[in-house]
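Engineer: Residue numbers (this note's numbering), protein chains in the order written: chain A, 1 to 206; chain B, 207 to 607.
Simulated from the structure, these hints should not be mistaken for lab results. Think of the CB as a built atom: it goes at the ideal place given N, C-alpha and C, for glycine as much as any other residue. Please note that a few of the clues may not be correct.
Unchecked claim - Label-pair restraints from in silico Cβ distances: (1) 78/A <-> 506/B: 49 to 57 Å; (2) 22/A <-> 548/B: 49 to 57 Å; (3) 66/A <-> 252/B: 53 to 61 Å; (4) 520/B <-> 135/A: 47 to 55 Å; (5) 551/B <-> 76/A: 46 to 54 Å; (6) 24/A <-> 252/B: 41 to 49 Å.
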Amino acid sequence: MNLLAYDGSFNGLLSVTYYCLKNSIKPDYVFKFDNLPKASITKINTANYFNALKFLISKIGKRDLQNIYYAYLSEIENVESLIISYVFYKITNTTKKEIILTFHQIVQIVLHEVFYLSKEITFSKINDILFAKINPHNNILILLSNYFSEKLPKDTWLIYDSKRYSMFFYNNGKKLIFRNVKFNLDSNNDLIENLWKTIIQCKKIS
Amino acid sequence: MEIERKLKILASYAKYDISCEYNEFDNYKNFDKQRFIYYSRSSSGKTIPLLKVLYSNACIYDCAYCINRKSNNIPRTTFSINELVNLTKDFYKRNYIKGLFLSSAIVKNPDFTMEQMLRVVKKLRLEENFNGYIHLKIIPGASEFLVKEAGFYADRVSINVELPTKHSLLLLAPDKKPESIQTPLILSSKKHIETSHEAKKYKKIKIYSPDGQTTQIIVGATPESDKSILSFANKLYKQYKLKRVYYSAYNAINKDKRLPSNNESLTREVRLYQADFLMRYYNFTLEELFEKSKNLDPNLDPKTNWALNHPDFFPIDINKATYDELIRVPGIGIKSAKLIITSRKSTSLSFESLKKMGINLKKAQYFITCNGKKFNSKKETAPLFSFDFTKEVNNFESFGI
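From just these sequences and the hints, can you work out the full model?
Structural biologist: In structure tokens:
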């Protein structure tokens, strides 16, 4: 069995993919460093990620690389193996319908959630900071933040992923990501939010 | 809270304006629910939730059909420019809405109202850098320079023609002169066409009302037939290049001798939309839709009605029919017709494959054939357990019974 492990970052995934392509290995399972079982596992470090990135862009193009990133964000168990198989089939130009279909389905699921949440999440205002709490299936905090950086470029806002305890903070063009943050904010004093709630609930006048 | 009261009033009274409505067919039963959030469909096909609100409902006109007419005893209020700008900005920033649909009753005079609405839109765009979608109503009778300016700040402009004939308009809206509607309508459509052409040549040219222009017609308030309403709409599409004409079933909110006492049925509204689409996308002519009567059949959609009246045209063979013939089949829309045309290039189509393609055979089966064969409904309703009696008897014989 081919068992590999990486640090869980996207750069790490690129390094794993590069390693597999160079050594013609199709891994059965790709673990993350924080979740290693007791077995003989090849650990891949991220030192090689820049070469990996260059190599992958030249072989599969930027668009597919972007799709790989979306699939990676799905956080499905062992999605890394699927991604590596997909890259193999892409480079060798052999079609394995099942793998390609599953890969694109995962990409679509991630993008759909981004689209859905970009419409559905609402911000509250606390101390002049717009605040939104999300609980997404996929790790789409960064994708969502890209959308809102364009929509609210001159504001200060943060989106908190309560499932992964991570937070994206945006302040007039400056972007910061915090991991392992746990907090609870109460927005009862937001006048606009209360106004919106009243209006939503109000019955027709005539 | 003053702003809350104003918003409640002005959002509630804005619900009778329906231009740019999304998905009328599915949602017409939910007519009264949350009308201040308006789902507009942009030219790119995206649906955009808009805050739909009036700038004011203190109207100086007395149009018989309108809830805001001056003779009605209703609470009146007007937003200040800052109130409306801040409200839109705040709702937009919280991601409740993606834009603003701004309309108004006529306060003081048309120019004053239009100017105030324009100031709201300009402030949003220029001072607040508002990137959201703006649908702006043009006030009938507004001056030329205001109409010309409006389209450069809004994504879509619309002016309600309200009624399909001059006589009806003079009867129900005596304060609105037909010219006061026609002039801005012509002006804005001319501006849109001009700037769209120029933008193709020069990239820096800003398109006037880039999402086009729409209008609304009230159906059932006056005795015009469906044929005359659609003929009027056809004229609006062809001459003024309007993006959409919206039909609004008359809602009996006012008691007036000039008006019918009951609401117009929503089925009529739906049939008009269906006929409108048939004329715009399915190459049906007005005469074809109204061969036997001046009104559309409420019990049958116009396409099926036409098909039933033309048995000589059917059945058509799916593998041979042209695109124009295919889109005349009830149950086959534009997407399905295109799909059929592309799919049959590689293989001959059967009813099974049509089903797999998602074509609505429930309706289409009576009007089509596949390679000369009709749809066999018996096949579809074959019993779950079929017995071959001769076999059964033989089996029993072998057991010596």
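Engineer: Please flag the earlier hints that this structure goes against, numbers listed from lowest up.
Structural biologist: 2, 3, 5
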